[in-house]
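Chemist: Please model the entire structure based on the sequences and the hints provided.
For the protein sequence lines, the chains are A and B, in the order given.
Each residue of the first sequence is one higher than the one before, starting from 1 at the first, in this note's numbering.
Each residue of the second sequence is one higher than the one before, starting from 1001 at the first, in this note's numbering.
None of these hints come from the bench; they were simulated from the model.
Glycine included, C-beta positions come from ideal geometry on N, C-alpha and C.
Errors might be hidden in some of the hints.
[Stated by the list, open to error] Here are some chain B residues pointing at chain A (derived, C-beta under 10 Å):
hint	residue
1	Asp1005
2	Arg1009
3	Ala1013
4	Cys1016
5	Ala1019
6	Gly1020
7	Val1028
8	His1084
9	Arg1087
10	Phe1091
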Amino acid sequence: MEVPLALIAELTHRCPLHCVYCSNPVQLASASAELSTQEWQSAFEQCARLGMLHVHLSGGEPLARQDVIELVTFAHDVGLYTNLITSGIGLSEQKLAALVKSGLDHIQLSFQDSREADANSIAGTRAHALKLEVAKKVRETGLAFTINIVVHRKNIDHLDELIALAEALGPQRLEIAHTQYYGWAKENIDFLLPTRAQVVESIETIARAQKRLSGKLRIDAVAPDYYARYPKACMGGWGRRQMLIEPSGKALPCHAAAVIPGLKFDNVRQHSVEWIWWQSESFRKFRGEDWMLDPCRTCDRRVEDFGGCRCQAFMIAGSAERADPVCSLSPDHHLIELQLVRANSADRPVRNDGPVPAEPASHWIYRPQPI
Amino acid sequence: MSILDNSTRPHLAPGCRWAGAENNSTLVYPEGALRLQPTAAAILERCDGQRTFEQIVRELQNLYSASEPDKIRADVASLLNRLHEKRVVDF
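Modeler: Take a look at the structure:
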């Protein structure tokens, strides 16, 4: 058993954006249930003592917390590498200056698209123009930053433009992340899952850009698991590398773990971070290999991908113990293939240049504000 | 991509730093950490934006005098180029 490397601190589920692929659970934590400043600080201190190196301050929108500067300062002072994962909305020049002063190590700024109208449609609010302004200000501070773009059926054809946008804004790194189909994204999967042709083209576009921009802009991209032969090593293995604490203090092995029925998540209000990591039932449940069934149990790849994602296994195959159904070796793989048939159907083109018009994305289910 | 030559002054890229006073062989950067072998740590400690590649190579050759000097030069270059691609080291 290993000591965790990173804490994902979902400071709040409040967010000015309503992205249709948000990774927050469908059951959002309310503002009144959030941990206090002191409770978060205590958690950070315990994480650092346990040996964690990073804290990723996330949400919702972490800037929605009035005490975000205080929290960054504290996390930095206990020795954690502090990364702010933000939409940029609410990042005034004063707040940015205060963050730099507080010892923030890195900022990750999200964009939804290269085209303003499309970006705003995904975010469910007019955020794109503000984000462009924020990115310029971040660049001026000299703070290390990454631009993150979640790609899907509606924006993956704009990758050349998205890469050009990142080049113009000048981060050190561009992260191109495929939508993961949990929570809100699962609700919207029909409008988000790209076609095979789109995925193949995007891989070529990214490879060309990586070569051209080597040493200037680092581009990290991961192939989408629905189109891969084997599953992703979700979270680097269950209870192996990372802990997530959601706004009300519940500690989870991953973003989506709450979908798995019967798992009890312990809270940092009642237990120490160390106890939760080593002893809590939810972190032990799928740690290691004892829980595995065939084909994972005897598969050589089990030490690389740890059987893939437990939440995806539950959501699609109906049981969290089964192999991740995206795996081509999974007995449930046909369920993924059915979804792919639908995504690649000639009746559902993505562009308006054929006999059948592309579907308008008028059926988005937007992520609301927590009550 | 920038080319490494004798006058290059490599330094840690923005967002990349040593993990802390008690952890002088671990580099942390936005999406991960590198636990370094003593030789790699000796190279990266010297990437301060002041020393040139030439100076770093000489210091490493003195430090590991038993090894072949050409091999040390090649090893330093290879490590720095790899970390430059990852945007851990800039020059």
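Chemist: The structure should be examined with respect to each hint, and the outcome stated for every one.
Modeler: We went through each hint and held it up to the structure:
With a least beta-carbon distance of about 14 Å to chain A, the hint placing aspartate 1005 of chain B at the interface is violated under the 10 Å criterion. Taking 10 Å as the C-beta contact cut-off toward chain A, the hint placing arginine 1009 of chain B at the interface is violated, the least distance being around 15 Å. Taking 10 Å as the C-beta contact cut-off toward chain A, the hint placing alanine 1013 of chain B at the interface holds, the least distance being around 6 Å. The closest approach between the C-beta of cysteine 1016 of chain B and any C-beta of chain A is roughly 8 Å, which is under the 10 Å cut-off, so the hint is satisfied.
Taking 10 Å as the C-beta cut-off, the interface hint given for alanine 1019 of chain B holds, the closest approach to chain A being about 6 Å. At about 5 Å, the closest approach between the beta carbon of glycine 1020 of chain B and any beta carbon in chain A falls short of 10 Å, and the interface hint on this residue holds. Here the hint on valine 1028 of chain B is kept, as its CB sits about 4 Å from the closest CB of chain A, short of 10 Å. For histidine 1084 of chain B, the interface hint holds, the least distance from its beta-carbon to any beta-carbon of chain A being 5 Å, beneath 10 Å.
Because the beta carbon of arginine 1087 of chain B sits about 4 Å from the nearest beta carbon in chain A, less than 10 Å, this interface hint is met. Taking 10 Å as the C-beta cut-off, the interface hint given for phenylalanine 1091 of chain B holds, the closest approach to chain A being about 9 Å.
Taken one by one, the earlier hints fail for this structure at numbers 1 and 2, listed in ascending order.
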